[in-house]
Amino acid sequence: MSTAPDVPAAPTVKENPSFEILYWIGCAAAYDRRAQRVARAMVRLLNHAKVNFAILGREEKCTGDSARRLGDEFLFQELATANIGTLAKYNVKRIVAHCPHCVNALLKDYSQFGGQYEVVHHTQLLAALIKEGRLPAVPGAAAAPAGDVTYHDPCYLARVNGIHEAPREVLATALGGKSLCEMKRNRAGTSCCGAGGGRMWMEEDPKRRVSTERAKEALGTGAKTVAVGCPFCLTMMSDGVAAHGGEARVLDVAELLVEKLGL
Amino acid sequence: MNPTRETFGNIPLSSQLAFYALAAVATGIFCWGVRRRWKLWQLGQPISFREMITGNLLAVWERARPGARRVAVDAVAQQRVRGHGFGTVAHLSLYVGFMALLAGTTLLEIDNIVSHISESLKFHHGLYYVVYEYTLDVLGLLFLLGTLFFCWRRARKPAALGHRATDWYVLLAFLAIGVTGYLVEALRIVWQQPTGLAAHCSPVGLWLAGYFAGLGEPGARSAHFALWWIHAFLVFGFIASIPFTRLFHFVAGPMNIFLAKPSLGALPPVTMEEVEKTGRVGVSDIRHFTVQELLSLDACMECGRCEEACPAFATDKPLSPKRVVQDLKGLMEETAAGLAAGQTEFRALHEDTIKAETLWACTACSACVNVCPVRIDQLRLIIGLRRHLVAEGGLSGTAATALRRMQSNANPWGLPPAERAHWTEGLTTKSTS
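Protein chains in written order, with the working numbering: chain A, 1 to 263; chain B, 1001 to 1433.
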């Protein structure tokens, strides 16, 4: 038995000042119970791959993506300025986030206000770790998920930032070589889950929801699992699948990888 | 043998002079029409045109290069027209045919001009002539085929496609230009009687000439002269029509592609200095858009790709990106006309032109921006309008609550910032060993 003191699984920048990459959590994984499981899955994967990371903890604020896209430019700028200050304080250079809206804000919005970072989506980091052989399965790992799997490309990941192969590379590992059942509208041509532009925070008539339409397309592939790469898509696709009385599971790519590796 | 044909063969000098006079008139109408649209765009906030053209040539080129590249790839090489099935096939056919005929006519005129300097400079003969005639003869068919494709599509009236009365005028004019072009060639072959390669390099014209062989040389010459004039009138009519029909996308499309910096995922920032200077946030008047944004409205062909891609439109929300662009364009025209008539009150931009519910229906998914062949940024227009609504307190309900919570608690859930890392509780700690 080791006698060394235990360190937290997800250390803050204060607890691990020599971190190499900052894990940006985002509001969804901080407060939404379902999205919290995505962050926990990521922490398991990061530690399994021995990635030297840290989180901002209480010092992280909303990136302001929703505010900016709703048209509240000054609220966005207030949040951006605060976050840029915090990131500067801890000398953050590299960031990984599992939320495409956070990725886009940190990458494209913050650069307008002096925040220059190397920002990657968690699927990009995971794909790289897999390639480096840093994410081996544990002995007696679970099998790939039963039934077909489809992947819903988030708009702000695939279309806006051109990231659509990394999630598929991770899924190739998570599915043990089984191929994805692609929806007709995929990659840059993906169709919205309905949560962008601040619509996450608006009521929508249950009769014609954007999420219901997209879930119909996903279920139409015959998939029993809908993989996503965004916490907002996670909420929307779960609602959409439920609206169809579907039994399909909606999971983040990282969660599927954790299942496959048996972590 | 040196295959060639005489430029302006069978056309008397008086007609040649009248031809150039009419060409000048048509070009004049074209320029006047373009100027009218140009003035409309000047209603908007100035963009730094001057900045673009200051400095030495190298600096100007460096600045212009990304735009020039976009024009080369998106417009000239038609990259952004791709991906729309039959519509793409129709556009590519018409485009390739049209550009070939335009290039052909231009080359012919260059040959004509240099011949006035010295007959030895003429190049419209020999092997060049054979290749020229054959290429244009074949690509002319592509031009006609493309026009027929568009006629067929328009007759079926796809829901997303815009319809104007002048659309049929344009398509029928194209058909008439193509058909009379071939007839002029056929009749020329009848009276000129070329042989060998000089005849066979115009397969379509030669085939048609078979039907007119009975006219004999004098008959063919009169018919040729008459049809030549009809063809010329149609072409001049077409040139003059460009700024007044959908054909204006020839001009506004590439201009917008040149000026519109790709901005997927980015929005223009607003500074406090700007707000202090202008006393406003966002767009509440059509004149608050930039010159480039107003120009982009004129580039819209109403092809409907944005509407087909829009998730809000697909779920019966009161939003169509195409409608937004067209409604703004209508207001731009109305405001300009009002200003010219000395009015000071105009139809309001918000509510009277674009309803708040339309603006709030947008998910900012950028599908419309991504598919627009002429790089209109519908999202940027919408966010500009949203900024005004928010500044005026026009957002209510759950979204307004989310904004208040972001202000007070730095998260849209409105939960305490101190609980931000509560999700880590229960995570097994790792050992440093």
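No wet-lab data here; the hints were simulated from the structure. Some hints could be false.
Straight-line alpha carbon distances no greater than 27 Å define the calculated DSSO-like cross-link-like pairs of lysine-lysine that follow [said to hold, decoys possible]: (1) B:Lys1122 to B:Lys1329; (2) B:Lys1277 to B:Lys1261; (3) A:Lys131 to A:Lys61; (4) A:Lys93 to A:Lys108; (5) B:Lys1261 to B:Lys1329; (6) B:Lys1329 to B:Lys1157; (7) A:Lys184 to B:Lys1039; (8) A:Lys108 to B:Lys1157; (9) A:Lys207 to B:Lys1355.
Every beta carbon over 10 Å from chain A, so not counted as near; a handful from chain B, in silico [what the hints assert, rightly or not]: (10) Pro1003; (11) Gln1042; (12) Arg1063; (13) Leu1264; (14) Val1270; (15) Lys1317; (16) Asp1327; (17) Ala1364; (18) Met1406; (19) Thr1424; (20) Thr1428.
Every residue gets a Cβ at the ideal spot worked out from N, C-alpha and C, and that includes glycine.
| Does the structure break any of the earlier hints, and which numbers would those be? | 1, 3, 7, 8, 13, 14, 15, 17, 18, 19, 20
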